[in-house]
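> Residue numbers (the numbering used here), protein chains in the order written: chain A, 15 to 214; chain B, 15 to 214; chain C, 15 to 214.
Just so you know, not all the hints are guaranteed correct.
In this list, chains with the same sequence are indistinguishable; a pair is considered to hold if it fits within one copy or across any two.
Cut-off 25 Å, straight-line C-alpha distance, at most; resulting in silico cross-link-like pairs (SDA-like, lysine to any residue) [claimed, not checked]: (1) Lys206 x Leu184; (2) Lys155 x Leu106; (3) Lys155 x Ala69; (4) Lys40 x Val213; (5) Lys40 x Ile156; (6) Lys40 x Pro212; (7) Lys206 x Arg42; (8) Lys40 x Leu17; (9) Lys206 x Val45; (10) Lys155 x Pro187; (11) Lys155 x Gln183; (12) Lys206 x Val126; (13) Lys155 x Ile205; (14) Lys206 x Gln183.
The hints are simulated quantities; they were obtained by calculation from the structure and are not laboratory data.
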Amino acid sequence: MELLPYILDLAGTFVFALSGAMAGVKHRLDVFGILVLSFAAANTGGITRDVLIGAVPPGAINDWHYLGVSLLAGLITFYFPAAITQRWSPVLVFDAAGLALFAVSGAQKALVYGLNPVMATLLGMLTGIGGGMARDVLLAKIPTVLRAELYAVAALAGAAIVVIANMLQLPSPAAALVGAALCFGLRVMAIKYGWRLPVA
Amino acid sequence: MELLPYILDLAGTFVFALSGAMAGVKHRLDVFGILVLSFAAANTGGITRDVLIGAVPPGAINDWHYLGVSLLAGLITFYFPAAITQRWSPVLVFDAAGLALFAVSGAQKALVYGLNPVMATLLGMLTGIGGGMARDVLLAKIPTVLRAELYAVAALAGAAIVVIANMLQLPSPAAALVGAALCFGLRVMAIKYGWRLPVA
Amino acid sequence: MELLPYILDLAGTFVFALSGAMAGVKHRLDVFGILVLSFAAANTGGITRDVLIGAVPPGAINDWHYLGVSLLAGLITFYFPAAITQRWSPVLVFDAAGLALFAVSGAQKALVYGLNPVMATLLGMLTGIGGGMARDVLLAKIPTVLRAELYAVAALAGAAIVVIANMLQLPSPAAALVGAALCFGLRVMAIKYGWRLPVA
């Protein structure tokens, strides 16, 4: 993997791990439980994608940097929970950036492994939202992504841009940039204006 | 895959997706959450089987028709929930048909991939019940299959017929028919007469 | 696999299956639900490890002895729940032995499949704790390992010994013995003295 995407990937891992650790602190888990939630929230999306497309062992299992970054985020949250809480609004912005990055990189990896366009888009979305779902299932809660403000749709839009550009043979770095910007923009607007999907 | 089994497989996917979507409506999920539950309820059993036997990418990930059928069922439920509720009893019959089909096709696929008879039977059952378990875990509930009327046992019986016929080298289409009929019949009788397994 | 490790592995499966079945009895599951929990508690850790390292089909899917031992433990618990409850304290000791064994054998298998030392240690731990996590998720509870007395840490220590010895090219049977003894000792002491990890 090239350096810039790799660093961005680890940055996404870090912010998602923060969200997992925060949820663990709130549920009074011990330090080990907090670290498990950090790792699960940051890496389950990518691990599931890799198992489904046959990229085994998954990146987050084969390369210990993902573990390291996840544990770092977990330990920071454990020792300085207040620091994270007070900065949660900036963290939400980082989380939107992580979502954008994972959706785009997840769709790209699925295309490389030969998935068809529809399912590559879906796997991009899964890469973005899978970690949060694992975090919530481990806390015995219904995943918030199933009823929160626009979250998965933002990931879906970002992933779709990457896949459509690939079908049209447009340059892939530009597509990644546009896809990530669209996902990030949608998510930030959804937080700001409380955009939600309809309920039956 | 031949045409008839394929169409039956998609029909099973459709009815299982209806059950997932209905559960999502009941828990007040948004439209995205409902579609996720549709897909999860219809496809998790088959996806898990495929990952375990090494058929990667799983059928439901590689072929977007499964996604399409799942989303269709989800959208119908979202826009016309009353229509589904009022027809739930016929839907239960379709669900029994879906269970029968998945149990039989799941066992056949496991045999093709060289699993031994005992585990092929189990994977047939898992194909039938896995989706409903995923649906319930995502809703933070104990899977109903763990304490409902005879459900898994019907799937087990159907899968066992397929596997035993394979061991005796009997013709596979006839075995599939008998297995599916047995599973379907057991399940419909269990619903009608409230058959249950003993509790400790 | 050689005979002694294999027998020890099945013994670990048996005690973990007992813990799953007991939890099922407590939650008033039917006999099928109890057997599912027996199998899940005993085998999910190993199955997840095998899927992640690419050892497909996983051992517990390919070899029906794991299923047989799990079902035996489940049926004993179903028919004689009081016998298990009254002996729970010895069972806890067996559970510690199962944990020790799974952590050590899980780390060894991950090393054989070429995982790096850090992740092999982690997969050893996952092999030990994964079953209990699956059991609790299926019961819609937060996994106790995320907040119980020292449990995962004991598994981690045992797995680490195996991995470190492998890096130093020390003889592997001795390392397995020391690792298992360390894990077992830590876990028994944690139960006896109520050792816990700090909470944030």
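> If a hint holds in the structure, say so; if it doesn't, say that too.
We went through each hint and held it up to the structure:
In this homomeric assembly, lysine 206 and leucine 184 never come within 25 Å of each other (Cα to Cα): the closest approach is 32 Å inside a single copy and 58 Å across copies. Taking the shortest Cα distances, lysine 155 and leucine 106 sit within 25 Å of each other inside one copy (20 Å), while across copies they are farther apart (27 Å). Within a single copy, lysine 155 and alanine 69 get their C-alpha atoms no closer than 29 Å, and across copies no closer than 31 Å, so neither meets the 25 Å cut-off. In this homomeric assembly, lysine 40 and valine 213 come within 25 Å of each other (Cα to Cα) only across copies, at 10 Å, whereas the closest approach inside a single copy is 28 Å.
Taking identical chains as interchangeable, the C-alpha atoms of lysine 40 and isoleucine 156 lie at most 25 Å apart whether they share a chain (16 Å) or sit on different chains (13 Å). In this assembly of identical chains, the alpha carbons of lysine 40 and proline 212 lie at most 25 Å apart only when taken from different copies (14 Å versus 29 Å within one copy). In this homomeric assembly, lysine 206 and arginine 42 come within 25 Å of each other (Cα to Cα) only across copies, at 23 Å, whereas the closest approach inside a single copy is 29 Å. Neither within a single protomer nor between protomers do lysine 40 and leucine 17 lie at most 25 Å apart by alpha-carbon distance, with minima of 35 Å and 46 Å respectively.
Within a single copy, lysine 206 and valine 45 get their C-alpha atoms only as close as 33 Å, which misses the 25 Å cut-off; across copies the closest is 21 Å, which meets it. Within a single copy, lysine 155 and proline 187 get their C-alpha atoms no closer than 37 Å, and across copies no closer than 43 Å, so neither meets the 25 Å cut-off. For the identical chains of this complex, lysine 155 and glutamine 183 are neighbours neither inside a copy (42 Å) nor across copies (45 Å), given an alpha-carbon limit of 25 Å. For a Cα distance limit of 25 Å, the shortest separation of lysine 206 from valine 126 qualifies neither inside one copy, at 35 Å, nor across copies, at 50 Å.
For the homomeric pair lysine 155 and isoleucine 205, the shortest alpha-carbon distance inside one copy (21 Å) is at most 25 Å, but the shortest distance between copies (29 Å) is not. For the identical chains of this complex, lysine 206 and glutamine 183 are neighbours neither inside a copy (35 Å) nor across copies (57 Å), given an alpha-carbon limit of 25 Å.
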